[in-house]
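Let chain A serve as the given structure and place chain B with the ligands on it in line with the hints.
Chains as they are written, first to last, in this note's numbering: chain A, 1 to 195; chain B, 1001 to 1161.
These aren't lab readings, by the way, just hints derived from the structure by calculation.
Just to be clear, a hint being listed does not mean it is correct.
Some chain B residues close to chain A (C-beta under 10 Å, calculated; not the full set) [to be verified]:
| # | residue |
| --- | --- |
| 1 | Glu-1010 |
| 2 | Gln-1038 |
| 3 | Leu-1071 |
Lysine-lysine pairs mimicking DSS-like chemistry, simulated, CA-CA at most 25 Å apart [said to hold, decoys possible]:
| # | chain 1 | residue 1 | chain 2 | residue 2 |
| --- | --- | --- | --- | --- |
| 4 | A | Lys-192 | A | Lys-35 |
| 5 | A | Lys-189 | B | Lys-1035 |
| 6 | B | Lys-1019 | B | Lys-1118 |
| 7 | B | Lys-1075 | A | Lys-90 |
| 8 | B | Lys-1133 | A | Lys-192 |
| 9 | A | Lys-156 | A | Lys-192 |
| 10 | B | Lys-1070 | B | Lys-1133 |
| 11 | B | Lys-1097 | A | Lys-192 |
| 12 | B | Lys-1086 | A | Lys-94 |
| 13 | A | Lys-41 | B | Lys-1133 |
| 14 | B | Lys-1035 | A | Lys-185 |
For clarity, every value in this text was computed on a predicted model and none was experimentally measured.
Glycine residues also receive a C-beta, built at the ideal position from the N, C-alpha and C atoms.
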Amino acid sequence: MSFINYSTREINCKIVYYGPGLCGKTTNLQFIYKKTAPEQKGKLISLATESERTLFFDFLPLALGDIKGFRVRFHLYTVPGQVFYAASRKLILKGVDGVVFVADSQIERMDANIESLEDLRINLAEYGYELDRLPFVIQYNKRDLPNIVPVGELQKILNPDNVPSYEAIASQGMGVFETLKDVGKQVLKELKKNY
Amino acid sequence: MSELVMYEEEFRRIDEELKRLYQLANAKLVFLVDKNGQLISSAGDTHDIDTTALASLTAGNIAATGGIAKLLGQKEFSILFHEGEKDNIHISLVANKVILVVVFDQRTSLGLVRLRVKKSTQSLERIFEELDKKSSIEERDKGLTSPFSEITDEDIDRLFG
Ligand SMILES: Nc1nc2c(ncn2[C@@H]2O[C@H](COP(=O)(O)OP(=O)(O)O)[C@@H](O)[C@H]2O)c(=O)[nH]1
Ligand SMILES: [Mg+2]
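Here chain A stands alone, though its shape is the one from the complex:
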């Protein structure tokens, strides 16, 4: 649910990074945080366990600039990936305006990718949203590793509808901003359609 404030002239939107545990969601946000100017960002909040696994969510507010006198802010969230955090994952999706699905390209993580994508659809449906109608981008992460599934195959399995997708090495920053820009644009264009 975006929040348009005519009084303070702000547009706020919520983007959620979804995906299986350890696929690199938090790493995406950390890179974005590192590379944006101080005046464009708030604190990166991580509710994590002692071993740095996301417990509830990571949160990063970003103000990328103005459009026609309105300040555009994106609130980026990640979900905890582990299966047993299902309830928390669902809570974070509430009111989402756009979704990034981060897939782990490693062969042994394919089942986890498929399961997480299915989990995403089910959770969205419970709020009455459909993934096919939401601004949506898929990121194929960890392209630097040796044991990875070719992109063509990933596309076939995870992206039959051919939504925008990007190869990434989040730990080095590759593909991170491309992904963010795409979903951000889609969110604003969707808002424009509805107003």
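Below, chain B with the ligands alone, put in the same frame as chain A:
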């Protein structure tokens, strides 16, 4: 999806109500957040406080306790209270869609905060009702005031460089 839209007039009234609550409850800080974690407005000394982060965490807190309530088979908790060493936090739901947070210390009392929150909640609920009506009327006469009526796809592309 239902968007929250805020207009000048209602924003001013919300702001005034928060200021009133801040003064009458003798609070340190009062703020209003939507359930998705976006700060709507605040009153009091927010100087060295990261209100954006505060808003997001508050909404997470409400969402989590709401989830717990559901598991226990009961309605959402409408009031949460956290007692700290120096500061206490009173969190409550308004119109089932926004979250009112009052931070206070020993200069006031939980009783007074409760009472003033109750009163302000009634006023705020009225404002949000009107806001709802207003945005559905605006929705009908689309395009008149929307920032998006003037925004082109090129503007959007340009924002992202
Ligand atoms: N080799 C490699 N490692 C990555 C990449 N992206 C993230 N990682 C690592 O994968 C681990 C899990 O990342 P994290 O962002 O915490 O995963 P999350 O559970 O999705 O939030 C960390 O050790 C990261 O450094 C990548 O593109 N390549
Ligand atoms: Mg994480």
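Ascending list of hint numbers which this structure does not respect: Violated: hints 4, 9, 10, 12, 13.
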